[in-house]
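Sequences listed follow chains A and B, in order.
The first sequence begins at 1 in the numbering used here and counts up by one.
The second sequence begins at 1 in the numbering used here and counts up by one.
Derived from the structure by calculation, the hints contain no laboratory data.
Think of the CB as a built atom: it goes at the ideal place given N, C-alpha and C, for glycine as much as any other residue.
Hints are supplied without guarantee of correctness; some may be wrong.
Unchecked claim - With a Cα cut of at most 25 Å, we get these calculated SDA-like pairs of lysine to any residue:
1) A:K144 with B:I169
2) B:K34 with B:T215
3) A:K88 with B:F201
4) A:K2 with A:V65
5) A:K144 with B:F201
6) A:K144 with B:A279
7) B:K102 with A:W52
8) B:K102 with B:L83
9) B:K102 with A:E55
10) A:K120 with B:F201
11) A:K144 with B:P194
12) B:K102 with A:Q53
13) A:K69 with B:T183
14) A:K121 with B:P194
15) A:K120 with A:R142
16) A:K121 with B:I281
17) A:K2 with A:E227
18) B:K102 with B:V185
19) A:K144 with A:E169
20) A:K144 with B:L83
21) A:K2 with A:G71
22) A:K88 with B:K34
23) A:K2 with B:T215
24) A:K144 with B:K102
25) A:K144 with B:G199
26) A:K88 with B:F189
27) A:K144 with B:A97
28) A:K69 with A:R142
29) B:K102 with A:V58
30) A:K120 with B:R138
31) A:K2 with A:E194
32) A:K88 with B:I281
To be verified - Sample of chain B residues with no beta-carbon within 12 Å of chain A, all distances over it, derived:
33) T104
34) L130
35) V177
36) M180
37) Y251
38) L270
39) L277
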Amino acid sequence: MKITFDTLTFRYGTHTLLKDISMEVPQGALTALTGPSGEGKSSLLSVINHLWQPEDGVRITGSAVAQFKGGAVDLLSPHLNLPLLRQKVAMVFQNPTPLPFSIFKNVSLPLTFAGIRDQKKIHQRVERALTRAGLWDEVNHRLKHPAATLSGGQQQRLAMARALVTNPEILLLDEPTSSLDAESRNGIEAQLLELKKSCTLLLVSHSEDQVDRLADRIYRLDQGHLERQG
Amino acid sequence: MSLWKRLLIRYGSFFVTLLLLSGLFFFLGHIVLKGGNTLSPALLFGEVAPMDALLFKERVFEGLFPAICGTLCLVLLSVTLALPAGVLTGIWLSHFARGRAKRTLTLCVDTLAGVPSIVVGLFGFSFAILLHTLTKGRIGPCLLIAALTLAVLVMPGIIRTTEVALSTIDRGTRLRVSAMGATPVQAIFHVYLPMAASGIFRGGVLALGRCAEDTAAIMLTGVVVTAGVPYALFGRFEALPFAIFTIASEYTGPEELARGYGAALILLILCGGLFGLSACIACRFRSIKR
Numbered sequence: 001m002k003i004t005f006d007t008l009t010f011r012y013g014t015h016t017l018l019k020d021i022s023m024e025v026p027q028g029a030l031t032a033l034t035g036p037s038g039e040g041k042s043s044l045l046s047v048i049n050h051l052w053q054p055e056d057g058v059r060i061t062g063s064a065v066a067q068f069k070g071g072a073v074d075l076l077s078p079h080l081n082l083p084l085l086r087q088k089v090a091m092v093f094q095n096p097t098p099l100p101f102s103i104f105k106n107v108s109l110p111l112t113f114a115g116i117r118d119q120k121k122i123h124q125r126v127e128r129a130l131t132r133a134g135l136w137d138e139v140n141h142r143l144k145h146p147a148a149t150l151s152g153g154q155q156q157r158l159a160m161a162r163a164l165v166t167n168p169e170i171l172l173l174d175e176p177t178s179s180l181d182a183e184s185r186n187g188i189e190a191q192l193l194e195l196k197k198s199c200t201l202l203l204v205s206h207s208e209d210q211v212d213r214l215a216d217r218i219y220r221l222d223q224g225h226l227e228r229q230g
Numbered sequence: 001m002s003l004w005k006r007l008l009i010r011y012g013s014f015f016v017t018l019l020l021l022s023g024l025f026f027f028l029g030h031i032v033l034k035g036g037n038t039l040s041p042a043l044l045f046g047e048v049a050p051m052d053a054l055l056f057k058e059r060v061f062e063g064l065f066p067a068i069c070g071t072l073c074l075v076l077l078s079v080t081l082a083l084p085a086g087v088l089t090g091i092w093l094s095h096f097a098r099g100r101a102k103r104t105l106t107l108c109v110d111t112l113a114g115v116p117s118i119v120v121g122l123f124g125f126s127f128a129i130l131l132h133t134l135t136k137g138r139i140g141p142c143l144l145i146a147a148l149t150l151a152v153l154v155m156p157g158i159i160r161t162t163e164v165a166l167s168t169i170d171r172g173t174r175l176r177v178s179a180m181g182a183t184p185v186q187a188i189f190h191v192y193l194p195m196a197a198s199g200i201f202r203g204g205v206l207a208l209g210r211c212a213e214d215t216a217a218i219m220l221t222g223v224v225v226t227a228g229v230p231y232a233l234f235g236r237f238e239a240l241p242f243a244i245f246t247i248a249s250e251y252t253g254p255e256e257l258a259r260g261y262g263a264a265l266i267l268l269i270l271c272g273g274l275f276g277l278s279a280c281i282a283c284r285f286r287s288i289k290r
């Protein structure tokens with residue numbers, strides 16, 4: 001459940017976004033990635049769950065390996081089983097906009113994609129994920145309501161529940177609290193500290209305070225170069 | 001932009017909208033006024049008792065009932081044939097087609113959309129002649145060939161509305177769905193199609209309307225003045241638009257012309273009913289997908 005990058009270079013067209021990146025995201029810890037906007041933090045996350053497309057003009061060299069319970073996976077291999085990888089590496093995006101379905105369907109969709117058909121099992125997993133995201137008590141009486149009716153903070157926790165429902169080994173968080181008020185942000189941060197015990201977490205954040213509060217290891221990305229800060 | 005330009009655009013667009021709506025209401029009002037008085041069981045069933053006609057116990061020769069049944073069968077059959085093929089082609093165009101293949105198919109679809117219905121009807125007629133020759137006279141112009149012809153006619157619209165409805169799903173949503181571990185096919189059937197359902201239904205509704213009103217295509221492929229209620233896919237049939245065309249071109253007195261207006265009003269009501277039904281299905285679908 002750890003990730004290792006070695007001399008990774010990420011080019012987008014003729015522009016080199018990341019240059020010779022070497023870093024390790026250790027197991028059972030929260031690693032934070034910070035730095036100015038547009039420096040490639042989100043691109044680095046996209047390498048881990050393979051959300052980049054060679055057709056978009058992206059070229060990556062170097063090495064990126066994720067160590068899962070079942071063995072090591074070369075994240076740059078063209079023969080990756082992407083759906084399986086994305087069940088193990090879940091992601092929470094900056095903008096929590098839910099899909100236009102019910103709360104329940106929003107959380108259960110990754111299970112449908114994973115081929116789970118047993119309704120009882122799906123209900124159990126959804127309840128567990130919502131509980132882990134700290135949302136179960138607020139939504140258990142209205143699971144069939146549209147997810148869009150939730151508040152911003154609740155939508156972000158819903159996104160976390162959706163990411164957690166497949167029991168991922170690695171959780172990527174792309175500025176998950178940037179659009180939230182202080183109360184919602186504190187709730188999410190408390191959940192992250194809980195999740196650290198069972199998941200490898202990689203958090204992208206602009207907030208130095210947040211990174212100091214949460215992270216066990218901090219990297220700063222500036223002008224394509226990575227530097228360990230703590 | 002200067003004040004007079006803003007005023008011109010504002011009041012000009014309002015005036016044009018008003019003009020169009022006036023035309024629409026004048027047209028609808030004219031049909032209702034002229035055809036409303038003729039609406040009676042006799043217009044639908046002639047001399048036959050309505051229950052006997054509805055239970056298919058007695059054949060209707062004078063009324064429009066067989067033409068209504070023929071139109072309904074034609075519309076349902078055409079849309080059933082066109083919808084799956086059109087939606088699947090729309091999915092392929094929006095998600096899988098790339099480069100020259102996409103450009104070629106898009107050109108073909110656009111060209112087909114611009115082909116006049118009489119030309120598509122001629123194509124159906126040629127197909128019917130071919131079948132007639134191959135089956136030694138057993139199959140000729142019939143309900144199925146007319147439905148196939150109409151399906152070809154409405155398919156470009158369904159393809160385009162499906163493609164456009166799927167294209168409106170933003171990149172952020174697509175990334176999120178991919179990040180959840182969905183394969184492209186799972187993403188389409190579990191997320192994108194339910195999200196685009198309203199747009200696809202709109203395409204279906206337009207196809208319904210086109211199938212119900214088109215006369216040129218069915219004139220050459222199986223519709224006749226008197227055939228009774230459709231009894232087989234390979235049989236001849238009656239249809240409301242053809243009944244209206246026949247009455248309008250051959251009427252001998254004001255009573256007969258009023259029957260034509262009555263038929264037009266029934267066709268409008270039928271189309272309105274089908275549109276309403278589609279809207280209800282779309283509404284129901286929206287509530288289910290939640």
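Hint by hint, which ones does the structure fall short of?
Going through the list in order, the structure violates hints 3, 10, 16, 19, 20, 22, 23, 24, 27, 28, 30, 32, 35 and 36 and respects the others.
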